[in-house]
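S.K.: Chains G and X, in that order, are what the protein sequence lines are. Residues 1 to 157 (the working numbering) are what the first sequence spells out, left to right. Residues 1 to 157 (the working numbering) are what the second sequence spells out, left to right.
Keep in mind that the hints were calculated from the coordinates and are not lab data. From a predicted model like this one, the values you see are computed outputs, not experimental measurements. Some hints could be false.
What the hints assert, rightly or not - Negatives, chain X to chain G, calculated, CB over 10 Å:
#1 V26
#2 V35
#3 T133
#4 T147
#5 E156
Unchecked claim - Below, computed lysine to aspartate or glutamate pairings styled on EDC-like, alpha-carbon distance capped at 20 Å:
#6 G:K83 with X:E85
#7 G:K23 with X:E20
#8 G:K24 with G:E156
#9 G:K83 with X:E20
Idealized CB from N, CA, C, for every residue including glycine.
There are 2 protein chains.
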Amino acid sequence: ARPRVGYFFTGKTGSQLLTENLKKIVVRDYQSVPVVVQENVSVYDAIVTMFLEDVGTLFVIDENTHLVGVLSRKDLLRASIGKQELSSIPVNIIMTRMPNISVCTKEDRLLDIAQILIEKQIDAVPVVRQTETGMEVVGRITKTNITRAFVSLALED
Amino acid sequence: ARPRVGYFFTGKTGSQLLTENLKKIVVRDYQSVPVVVQENVSVYDAIVTMFLEDVGTLFVIDENTHLVGVLSRKDLLRASIGKQELSSIPVNIIMTRMPNISVCTKEDRLLDIAQILIEKQIDAVPVVRQTETGMEVVGRITKTNITRAFVSLALED
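Chain G extracted, bound-state conformation (with noise of 0.2 Å):
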């Protein structure tokens, strides 16, 4: 029987819409832009990238611009409590590189990404399209989208 209230009754209760609402949620939707810098920069010059585009990671790439390792604000004030000058070392000694890096495209579940987030203790994924010669970093995503998501949804009533 259809109830008068205006509203179809699915036979779903509160909490079977609410994870079927949470998993239509792509990556593409959440999204923020990346923030590249090139393998043979400073880590000196890493920070200040970081802090120009107030960003808590950073993806590098090679001379084909495609996808070689991560940098996140962790990474960088480890280099800074070592013994090197910072405008000596380049950012591919201390990177995290390929294959140890977490990926994703525009069309993955945010609720996945959100698990390798938390998993793998880390702070952001890159959002990537695959090519013939490797992958383009597109996006990224951040523990601030995934919070984003969480208040989206609440508010979304």
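Assemble chain X onto chain G, guided by the hints.
M.R.: Relative to chain G, chain X alone:
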């Protein structure tokens, strides 16, 4: 009429129920343990503490263990590209200090804290207990906690 499928029909849509579920989550449900440092420790020692404790934010307390400041990775990274020796600068020179700190209690809604993290562009909010003489830090909420809540919402079902 009560449908035969074993659920109550509440007269609410899925997204209304979602909103209600989300709004029921409080800070206490997801908070982490706080990591604190004294205000006279050096920036160098604070960075080392951050790595040893594996956190992205430190809370700064005075000699009465009351909250006086917050240190983010960003604050420490900024100091690391400055000209001064990291082991000679006390953290109270570079920290964000009271009253410019957003705080919360265990009973606050997680949703409200998520909104504060986004609006103020900060990484963490200390969970505090007000005493007669000042605030004691009893926990922390970061975007990692919000990401965990997001994942849990989806897996609840």
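S.K.: Please check whether the beta-carbon of V35 (chain X) is more than 10 Å away from every beta-carbon in chain G.
M.R.: holds, 15 Å
S.K.: Can you confirm whether the C-alpha distance between K83 (chain G) and E85 (chain X) stays at or below 20 Å?
M.R.: Answer holds: K83 (chain G) to E85 (chain X) is near 12 Å, not above 20 Å.
S.K.: K23 (chain G) and E20 (chain X): Cα distance at most 20 Å?
M.R.: holds, 18 Å
S.K.: For V26 (chain X), which was marked as not at the interface, is the minimum beta-carbon distance to chain G over 10 Å?
M.R.: holds, 13 Å
S.K.: Keeping to a limit of 20 Å between CA atoms, is the pair of K83 (chain G) and E20 (chain X) held or broken?
M.R.: violated, 52 Å
S.K.: Please verify whether K24 (chain G) and E156 (chain G) have alpha carbons no more than 20 Å apart.
M.R.: holds, 14 Å
S.K.: At 10 Å, judged by beta carbons, does T133 (chain X) keep clear of chain G as stated?
M.R.: holds, 33 Å
S.K.: Going by Cβ atoms, does E156 (chain X) stay more than 10 Å from chain G at every point?
M.R.: violated, 5 Å
S.K.: Since T147 (chain X) was said not to touch the interface, does its Cβ keep a gap of more than 10 Å from each Cβ of chain G?
M.R.: About 5 Å separates T147 (chain X) from the closest Cβ of chain G, which leaves it inside 10 Å; violated.
Consistency with the previously given hints fails for numbers 4, 5 and 9, ordered from lowest to highest.
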